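Peer 1: Residue 1 is where the sequence shown starts when you use the working numbering, and the numbers rise one by one after that.
No wet-lab data here; the hints were simulated from the structure.
Every value quoted in this text rests on a predicted model; they were computed, and no experiment measured them.
Among these hints, one or two may not hold up.
Each pair of labels, with its calculated beta carbon distance range [what the hints assert, rightly or not]:
hint, residue 1, residue 2, range
1, Trp-242, Ser-128, 31 to 37 Å
2, Glu-171, His-101, 39 to 45 Å
3, Leu-207, Glu-233, 17 to 23 Å
4, Pro-105, Arg-201, 22 to 28 Å
5, Asn-183, Lys-62, 17 to 23 Å
6, Cys-217, Ser-125, 19 to 25 Å
Below, simulated DSS-like cross-link-like pairs (lysine-lysine); rule was C-alpha separation at most 25 Å, straight line [unchecked claim]:
hint, residue 1, residue 2
7, Lys-66, Lys-186
8, Lys-186, Lys-213
9, Lys-223, Lys-186
10, Lys-213, Lys-108
11, Lys-186, Lys-94
Quick reminder that beta carbons are idealized off the backbone N, C-alpha and C, glycines included.
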Amino acid sequence: GGWSSRCVSTPRVFFISIMGKEDFGNIYVENSPQAYVQRLVPVDYGHYHDRYCEMINEELEKFAPKDRGMSAVELGSSYGNTTLAYKFGLNWEKAVESWMHDDQPLKKKWDFNVVAVDISEQALSYGSRRGIFDSSIVHDFSNPPSHELAMAIENADFMTSIMTLFYIPTERWLEACYKFIANRSKPKLLVYNVMMAFDNRNLTPELLFAGVKGWTCRSSFNKHRNFTAGEQETHHGNTEAWTMTYFVHFEPMKSGPAH
Numbered sequence: 001g002g003w004s005s006r007c008v009s010t011p012r013v014f015f016i017s018i019m020g021k022e023d024f025g026n027i028y029v030e031n032s033p034q035a036y037v038q039r040l041v042p043v044d045y046g047h048y049h050d051r052y053c054e055m056i057n058e059e060l061e062k063f064a065p066k067d068r069g070m071s072a073v074e075l076g077s078s079y080g081n082t083t084l085a086y087k088f089g090l091n092w093e094k095a096v097e098s099w100m101h102d103d104q105p106l107k108k109k110w111d112f113n114v115v116a117v118d119i120s121e122q123a124l125s126y127g128s129r130r131g132i133f134d135s136s137i138v139h140d141f142s143n144p145p146s147h148e149l150a151m152a153i154e155n156a157d158f159m160t161s162i163m164t165l166f167y168i169p170t171e172r173w174l175e176a177c178y179k180f181i182a183n184r185s186k187p188k189l190l191v192y193n194v195m196m197a198f199d200n201r202n203l204t205p206e207l208l209f210a211g212v213k214g215w216t217c218r219s220s221f222n223k224h225r226n227f228t229a230g231e232q233e234t235h236h237g238n239t240e241a242w243t244m245t246y247f248v249h250f251e252p253m254k255s256g257p258a259h
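Whole structure, please, built from the sequences with the hints as guidance.
Peer 2: Here you go:
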């Protein structure tokens with residue numbers, strides 16, 4: 001679309017982390033997602049966004065209740081690109097277009113009340129102002145969840161963490177997952193991905209929920225984005241990062257321990 005002509009990158013210095021991932025941190029603390037778009041369009045991040053948008057909307061066709069809205073907790077929401085996919089049904093081109101036109105109204109595809117969780121106050125402020133998020137919680141994922149966040153997770157129908165698990169310590173992720181399924185009074189949907197090029201932890205549902213009853217999962221292995229030049233050097237010349245996305249459905253169960 002015509003928006004691509006506006007995505008002109010400005011020179012910056014980036015650093016490669018110990019796992020060979022370039023540091024994109026500075027794009028998450030701007031007051032608008034323009035720098036985010038400028039960095040991610042050239043590495044073809046839109047490919048994954050479109051695939052996620054397609055997959056999550058397929059899942060929601062099966063999962064969404066017919067008689068009520070849904071509560072969502074999004075861990076690592078940034079400016080709301082993932083939210084635009086599942087709450088509004090926007091593909092990458094339409095998501096970028098909505099970011100470039102702040103006055104453009106957004107129309108829900110699914111009746112979600114979204115609690116956005118991120119370390120970036122700037123990103124949360126932007127998403128809240130635009131109506132992408134319904135409420136927000138500033139949180140550093142190296143810390144245990146606050147009471148407010150823990151309650152939001154436990155009461156949620158849907159919890160998702162896309163492209164952010166890399167930044168969440170394993171213990172914190174386990175806390176969030178088990179808090180999410182502590183209340184099994186209604187169906188629950190957990191959607192997350194593991195960036196296997198940068199994250200060598202075994203975070204499969206089969207391991208995380210071993211011993212937990214009443215759940216099913218489907219997964220999809222997709223291109224994440226292109227490696228940057230620096231990342232290619234640390235990944236033996238490979239040009240693309242791929243990622244595994246998990247869609248975990250928990251059936252409602254009578255009150256009692258999760259496992």
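Peer 1: Decide, hint by hint, whether the structure agrees.
Peer 2: Going through the hints against the structure:
One distance hint, 31 to 37 Å for the beta-carbon pair Trp-242 and Ser-128, holds here, with the actual separation near 33 Å. Our hint of 39 to 45 Å for Glu-171 and His-101 holds, since their Cβ atoms are close to 41 Å apart. At roughly 32 Å, the beta carbons of Leu-207 and Glu-233 sit outside the given window of 17 to 23 Å. In this structure the hint that Pro-105 and Arg-201 lie 22 to 28 Å apart at CB is violated, the actual value being about 40 Å.
For the pair Asn-183 and Lys-62, the supplied restraint of 17 to 23 Å holds, since their beta-carbon distance comes to about 21 Å. Roughly 35 Å separates the CB atoms of Cys-217 and Ser-125, a value that falls outside the hinted 19 to 25 Å. Annotation: proposed proximity of Lys-66 to Lys-186 holds, straight-line Cα distance about 13 Å (limit 25 Å). For the hint pairing Lys-186 with Lys-213, the CA-to-CA distance comes to about 14 Å; that is within 25 Å, so the pair holds.
Under the criterion of a C-alpha separation no larger than 25 Å, the hint pairing Lys-223 with Lys-186 is inconsistent with the structure, at around 33 Å. Straight-line distance between C-alpha atoms of Lys-213 and Lys-108 comes to about 33 Å, which puts the hinted pair past the 25 Å bound. For the hint pairing Lys-186 with Lys-94, the CA-to-CA distance comes to about 33 Å; that exceeds 25 Å, so the pair is violated.
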